[in-house]
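2 protein chains.
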Amino acid sequence: MITIDEHRARILHAAGRLPAVESALTDARGLVLAADVVSRWPTPLFDNSAMDGYAVRAADAVAGATLRIVADVAAGSDEDPMLGEGDAARIMTGAAIPSDVDAVVPLENTDLGTAIRAVAPEQITVLVAPEPGAHIRRLGEDAPAGSLAVVAGTPLGPWQLSAIASSGFEQVAVHPAPRVAIISTGSELVAPAGTPRRGQIPESNSVLLSTAVRDAGAVVTSIRIVSDDPAALRRVLDDVDADLVILSGGASVGAFDVVKAVLGAEHAVRFDQVAMQPGRPQGFGVLDSGLIAFCLPGNPVSVAASFEMFVRPALRQMAGFAAVDRPRVVRAAGSAWASPKGRVQILPAVFDDQTVRPATRGGSGSHMVTSLAAATAFAIVPAETARVQEGDAVTVLVLS
Amino acid sequence: MITIDEHRARILHAAGRLPAVESALTDARGLVLAADVVSRWPTPLFDNSAMDGYAVRAADAVAGATLRIVADVAAGSDEDPMLGEGDAARIMTGAAIPSDVDAVVPLENTDLGTAIRAVAPEQITVLVAPEPGAHIRRLGEDAPAGSLAVVAGTPLGPWQLSAIASSGFEQVAVHPAPRVAIISTGSELVAPAGTPRRGQIPESNSVLLSTAVRDAGAVVTSIRIVSDDPAALRRVLDDVDADLVILSGGASVGAFDVVKAVLGAEHAVRFDQVAMQPGRPQGFGVLDSGLIAFCLPGNPVSVAASFEMFVRPALRQMAGFAAVDRPRVVRAAGSAWASPKGRVQILPAVFDDQTVRPATRGGSGSHMVTSLAAATAFAIVPAETARVQEGDAVTVLVLS
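Heads up: the sequence lines are chains A and B, in that order. Just so we're aligned: the first sequence equals residues 1 to 400 in the UniProt record's numbering. Just so we're aligned: the second sequence equals residues 1 to 400 in the UniProt record's numbering.
Treat the hints loosely; a few may be bogus.
[Said to hold, decoys possible] Not the full set, but computed from the structure, chain B residues with beta-carbon under 7 angstroms of chain A:
1. L139
2. A165
3. G168
4. P192
5. L208
6. T211
7. R214
8. D272
9. A373
[Unchecked claim] Listed next, the stretches of chain B that the computed footprint assigns to chain A, with coverage defined by at least 3 CB atoms under 8 angstroms from CB atoms of chain A:
10. 84-97
11. 177-188
12. 196-204
[Said to hold, decoys possible] Cβ pair distances, simulated, as ranges:
13. A:P230 - B:A59: 36 to 44 angstroms
14. B:A24 - A:P230: 29 to 37 angstroms
15. B:P382 - A:T385: 42 to 50 angstroms
16. B:A145 - A:P230: 34 to 42 angstroms
17. A:S222 - B:Q273: 49 to 57 angstroms
18. B:T66 - A:T195: 37 to 45 angstroms
19. B:M82 - A:P230: 24 to 32 angstroms
20. B:T195 - A:E22: 14 to 22 angstroms
No lab work stands behind these hints, which were simulated from the structure alone. Even for Gly, the Cβ is constructed at its ideal location relative to N, Cα and C.
Just chain A, with the same shape it has in the complex (with noise of 0.2 angstroms):
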């Protein structure tokens, strides 16, 4: 038996981030930064007003003056109209400050309201005098041109995709979302909506996967699903176009688990005991093709379990997240219950401010499907404990 630290360090040895590629910023949610991003402008662009109202030479613009209108300068416009003494063009924000003017006296610190009906007015009286510069952002005040916008590693969500386009990029280096195909095995599979005669159960654990693989970022590339027919799984894993393969079922120290049977004996995956409860047998390695291969045990509480454990620290990794790991707190168990001592126990729980408990009343049993639905985080309770008592400190890894 190994330790889950164990089997997570040769994991993650082998399952390196994937090189940078070029994605278009629609296509990069939720991937992380290969290269830091550079502004190619200054921010703002150019001398640009921060109001709606009216741009004015200062000097003139004492409380009570009254200004004539002669340009309208629109956003976008790339005019930049002669202003005269006494002379106000009436401006939008960010739309770019007249050369002649050195300040913007906003609407309402006129006597303009008529300004904002349809029939422009050819003057206005300004109520309050601004100072030199007042409501003009200037050219690089906010950052020159050349500055760093986003640093490399970072993961890209709307304001980081939104400062790269304002730095003047459509396109920018990320690491790519891995690509996962996804086998479920076993005989004893039908699907959900079907009628299972003795000794067959509904297939669930690729809807839990795939859902599991895109919610940690990853592409889902192919979903099969085989019997335990050696030919048959030869087959699917020939078929495979990804980086990282999943299999469940036939993992186990059966004389029918077909997966160990293939992947143990034709490939390089080996096959451990693993000081946890539920998810014991595991299988990990890569083939000669590349392809990053994870064999977990086949019932539901097991692959959840495994997953967070094992394969969505990998997939963090490749994809090139710096925290690979789901956050953990701290909570006092708000019941007791039994732990298998020299194993590590990881229970769906639900948790508050205060409190953990399993999701069910039932127990830990790896068989336990429904207590899935219910929780909201696992319980990790360390092999050396029985017992966990009311009131005991439990680690708290959050699912949401």
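Given chain A, work out where chain B should sit, using these hints.
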């Protein structure tokens, strides 16, 4: 001027939950369940083995007893082999327990390491006698048929979708993801990779909004950039096929504000000054077609703040989420900064376990695009505060 809460109340009153639709499980990731899911089957579906080992009559399987192996029961097999006195059946985890037996002896409690070789053994010796019923999961012991598997209102993640599949369904009733159209307006906008001339800036709001919309679990149906031309805006609006449209730019009090002219005058969109900074000018209404319309100010920081305060809660409510808001925490100000008295400040910020501070040294100007790239949160400062002092308790809206 109206308050943020007044504007939100008007929006949340109008943005009702979308009617339920049927979805394939694989398309339901992140959606909210619209009706309770009740299992078609008991869990487990049939008496089955919890271990790889031998199905035996407990009365025969005393320590030291040698049993004849008369059958193999693989997972998925519908066989129910007859077992007489002194007989055992090799059985896999999850396989149906033969009717004639009442216990399972795990492999490791027998002498038969040979059982994992290719050649099947003909007999085993029991090393540890099983209790009657040992390692058998009984039909329905986890939950009877008709049990509530997942309750209406639950967001569907991997675990919930797995439980629904196990309950016997491939389709599920969900509130659909809201369908959103995005329109960036402004004659000053150019494609980011282009070279702006005087008065022009790179268009960045469409990638900000489309990414934020997707992060909120909604679907983007179209992205359009239009100049400040009423006819062009009308044409783009006519083409919208969505539940909700987000316009940015042209919502202010300026004379050229085309969005305000078209949506305010020709549609039932109301334009308000909201007591927040940035994001004061806000338009919201429901068009005759039923389309929900948000008209946000044009600069990216205002767009980001407006999206978080108003658009995201509407999208989450439409999608059926009970919790429409981001989590908020309280942190001590790590530095002092100014806040506009009379308006709630919504400041791009960074925070850690103890403190929160502005994301950039440059202050709170709504034009500071670069402040967004570094931010992980918004600091929310009440309207009555003119200055945040170092150490003050500050509300932090957490964004990731």
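Taking the hints in turn, this is what the structure says about them:
Annotation: interface hint on L139 of chain B violated; nearest CB of chain A at approximately 11 angstroms, more than 7 angstroms. For A165 of chain B, the shortest C-beta to C-beta distance to chain A is roughly 4 angstroms, which falls under 7 angstroms, so the interface hint holds. With 7 angstroms as the threshold, the beta carbon of G168 of chain B comes within range of chain A, its nearest partner Cβ sitting at about 6 angstroms, so the hint holds. With 7 angstroms as the threshold, the beta carbon of P192 of chain B comes within range of chain A, its nearest partner Cβ sitting at about 4 angstroms, so the hint holds.
The closest approach between the C-beta of L208 of chain B and any C-beta of chain A is roughly 4 angstroms, which is under the 7 angstroms cut-off, so the hint is satisfied. Interface hint at T211 of chain B: satisfied, since its Cβ lies 4 angstroms from the closest Cβ of chain A, which is below the 7 angstroms cut-off. Taken as an interface hint, R214 of chain B checks out: its beta carbon lies about 6 angstroms from the nearest beta carbon of chain A, inside 7 angstroms. A least Cβ separation of about 15 angstroms between D272 of chain B and chain A goes past the 7 angstroms threshold, and the interface hint is therefore violated.
A least Cβ separation of about 4 angstroms between A373 of chain B and chain A falls short of the 7 angstroms threshold, and the interface hint therefore holds. Counting residues of the segment 84-97 of chain B whose CB lies closer than 8 angstroms to any CB of chain A gives 6, so the stated coverage by that chain holds, three being the minimum. Residues of the segment 177-188 of chain B with a Cβ under 8 angstroms from some Cβ of chain A number 3, which satisfies the need for three, so the listed coverage holds. Counting residues of the segment 196-204 of chain B whose CB falls under 8 angstroms from any CB of chain A gives 9; the rule of at least 3 is met.
At roughly 38 angstroms, the beta-carbon separation of P230 of chain A and A59 of chain B lies within the given 36 to 44 angstroms, and the hint holds. Judged by the Cβ atoms, the range 29 to 37 angstroms given for A24 of chain B and P230 of chain A holds: they are separated by roughly 31 angstroms. Checking the proposed 42 to 50 angstroms range against P382 of chain B and T385 of chain A shows it holds: the Cβ atoms sit about 46 angstroms from each other. At about 35 angstroms, the beta-carbon gap between A145 of chain B and P230 of chain A stays in the expected band of 34 to 42 angstroms.
Range check, S222 of chain A to Q273 of chain B: Cβ separation about 53 angstroms, and the 49 to 57 angstroms hint holds. A hinted range of 37 to 45 angstroms holds for the C-beta pair T66 of chain B and T195 of chain A, which are about 40 angstroms apart. Between M82 of chain B and P230 of chain A, the C-beta spacing of about 29 angstroms keeps the proposed range 24 to 32 angstroms intact. T195 of chain B and E22 of chain A have their C-beta atoms about 20 angstroms apart, which keeps the hinted 14 to 22 angstroms range intact.
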